[in-house]
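Q: Now for the letters of each chain:
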Amino acid sequence: MVLLQVLINGLFLGGVYALISLGLTLIFGVIRVINFAHGEILMISMYASFFCFSVLGLNPYLSLIIVIPGMFLVGVLVDQVIIRPIRNAPSYMQIFATVGLSVVLINLALVFFSGDYRSINLAFAKQVVHMGDIGISLSRLIVFISAIAVAWLVWLFLDRTDMGKQIRAIAQDRDAARLMGINPNKIYMITFGIGSAMVGLAGGLIMPLYYVFPSVGAYFVLTAFVVVVLGGLGNMVGALLGGLIIGVIDSLSGYYLDPALKEMVYFLVFLGVLLFKPSGLMGMIGAEEMGLK
Amino acid sequence: MSLLEINNVSVKYGDLVALRDVSLSIKQGGIVSLVGSNGSGKTTLINTLSGLMECSAGSIVFNGRPIQDMPAHKRVDLGLVQIPENRRLFPYMTVLENLEMGSMTHRSRDKRQDNIKKVMHLFPILSKRSKQIANTLSGGEQRMLAIGRGLMSDPELLMLDEPSIGLAPIVVQEIFKAIALINELGTTVLLVEQDVNASLKISSHGYVLENGEITLSGPAHELLGSEKVREAYMGL
Ligand SMILES: Nc1ncnc2c1ncn2[C@@H]1O[C@H](COP(=O)(O)OP(=O)(O)O)[C@@H](O)[C@H]1O
Ligand SMILES: [Mg+2]
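Listed in order, the protein sequences are those of chains V and B.
Just so you know, we're using the working numbering here: the first sequence kicks off at 1 and counts up by one.
Just so you know, we're using the working numbering here: the second sequence kicks off at 1 and counts up by one.
Don't read these hints as lab results, they were simulated from the structure.
C-beta: ideal position from N, C-alpha, C; glycine also.
It is possible that some hints are incorrect.
[Unchecked claim] Mimicking PhoX-like on lysine-lysine, the simulated pairs with C-alpha atoms at most 25 Å apart in a straight line are:
1) B/Lys111 <-> B/Lys12
2) B/Lys128 <-> B/Lys177
3) B/Lys74 <-> V/Lys186
4) V/Lys277 <-> V/Lys262
5) B/Lys128 <-> B/Lys117
6) V/Lys186 <-> B/Lys111
[As the list claims (entries may be wrong)] Only some residues are given here: those of chain B computed to face chain V with a beta carbon under 10 Å:
7) Ala72
8) Pro84
9) Pro124
10) Lys128
11) Ser130
12) Leu167
13) Ile170
Bound-form chain B, shown alone:
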């Protein structure tokens, strides 16, 4: 059985159809990449899964439960967690408070102290900065904090929306390493990345989204080899 099953989902912004008949399935355990150019609907899809957007048609099943009508905050309690584009940290809270905000659900509250230790272990820089106000951190540190905050929610499926965008190559590497590690430790990952090559390399499966429709999908190594993907997204 799949962990997440999206069936024929459509989403609109007013009259604009942002997603049309999208179907996708994610098995427990792996990393799945969602690839697509700017404006193709990746963020919209992730927001729909999180419940920030409503779908106008279709169904979303998570762990055997239909969730398309469930409010956003309840989905987090099921372990469906998003790390949003542009980080969306709480700008006037400290690093530690931001982490704590990730553990306000029933699911995660009791594991708060343990999870803080795990996050600090994954990103040691955060423990040095724990009293610092979030909007005074560097871009890379903010991204690590955003990922750490997501981990605090004890995710079963972690959805990352462009976690490496705008970062220096060395920090990008660190982020990718962290994502692979998070996955090895048992969390299923849905990854949206600009760097299609790097993203597919750590993935088991991939989906290509074009103008709101899935146009290609398959095992990551097949997509990596596909002419179309190489031409459109890797400039080869």
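Same shape as in the complex, but just chain V:
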């Protein structure tokens, strides 16, 4: 029974990782930019949710209708201001740019919001439904379900809509897509917006569960990078599965070994995957060249 509880906790934690990783892998798969400021976009969305609650008195689940479109716009802005001028630059330039953005955002947050750890006190976040010996946290269940729902919705969007097909076309062959009359800049901008909106959803959903502070992004995004590589770069299903797997490993090793060792354990798993299946669980050989699946 304890094992079942630990597994459920792991899956729920994995939902958080998956939700953050989905946006990261989408942006990488299409734009071919590793966004090192992804964690700071999470940080901004958590602060946004926090202030919606503390200043406007908005329930964090309700304020998602502000936070999600807001983060879409933030993503569009980052793409157009930071990424667009270096679209065709060597990748180390893009790394400098997004790492630089991350440092700037952390410091701006320090200046404006101070280094204090802040949280919101929401009775719902502590509600646990008991089924026999098993306790299920409702707020974590929501994150878990959202991760699966978002992965499915984004997949539907990419598979069925004209815009989604254009995004896949750009990811598979940019010049061929231009010859179809597709404007790459517009697609990149929208993709960055969608990836950031997904993180916005993640930030809003975890605000009732975690503290927010200027460098909170690094804490989650390091794991998200492991998830994205584990799942296969640019692979949405891989990000969902990878997130859940890392969550379960995290939870198992935290309970049966030592919470201090859990990061080490999933980094070992990570190295193992890279050693035996370098393209990731769902990835194909050369995925880093072919982009989004």
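Based on these hints, arrange chain B with the ligands on the given structure of chain V.
A: Chain B with the ligands alone, transformed into the frame defined by chain V:
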């Protein structure tokens, strides 16, 4: 008035001059062949017309509009469509999705269903394969899909870059037949082909490109009769 007018266009790759002072004119309606050996600049010229390459000098006028500074995606919306060398299909999309990708412009979006029917009629094999992933098709089928995808954009001028290269003779024939048919149905064609003889035979005009310069041009039947063309490109 010509449909396409290229005036003194030059194009460089870094220091290498790939096209020098190229001028060319294409009238509405016919098939124009662009002939030249490997590396003479044919693909560069087509990419410049499409907007994938920039010209360092000269002007390109399409349907009376200067387009040399227009981004590639907008040129497609004017009906200037390229079917690239090596097909460049979307490898992980189905046949049907690849066709749909050809109709993402304002110009073509509303005609999507009609155009899919027309393409399937032109290449019946594609309708049998419509759910198949593009990179699992045979070479000939991929080439037909690439042409079909180009037709989906509702081209006014269709530029084909070596559409028959590497195909079995029987498939080559089918491709040439299709090109002639596409032209009969009203689309002007700019054709780059290795098979100079076959290409000039279905053309009204031809241009010969050598080391990035146009060295010969005229009605196709004159080029077919010219000593120089026969020696250099037909091994006669
Ligand atoms: N991406 C490139 N970078 C540098 N030089 C190129 C590039 N593409 C083509 N070239 C050069 O430009 C010239 C014309 O090439 P191309 O247009 O591909 O010829 P063709 O299509 O007639 O075979 C060749 O000398 C080729 O080596
Ligand atoms: Mg060529």
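Q: It remains to establish, for every hint, whether it holds in the given structure.
A: Each hint tested on the structure:
no. : hint                  : in the structure
1   : B/Lys111 <-> B/Lys12  : violated, 38 Å
2   : B/Lys128 <-> B/Lys177 : holds, 20 Å
3   : B/Lys74 <-> V/Lys186  : holds, 13 Å
4   : V/Lys277 <-> V/Lys262 : holds, 22 Å
5   : B/Lys128 <-> B/Lys117 : holds, 13 Å
6   : V/Lys186 <-> B/Lys111 : holds, 23 Å
7   : Ala72                 : holds, 4 Å
8   : Pro84                 : holds, 6 Å
9   : Pro124                : violated, 24 Å
10  : Lys128                : violated, 22 Å
11  : Ser130                : violated, 15 Å
12  : Leu167                : violated, 20 Å
13  : Ile170                : violated, 27 Å
Violated hints, listed in ascending order, are 1, 9, 10, 11, 12 and 13; each of the other numbered hints is respected by the structure.
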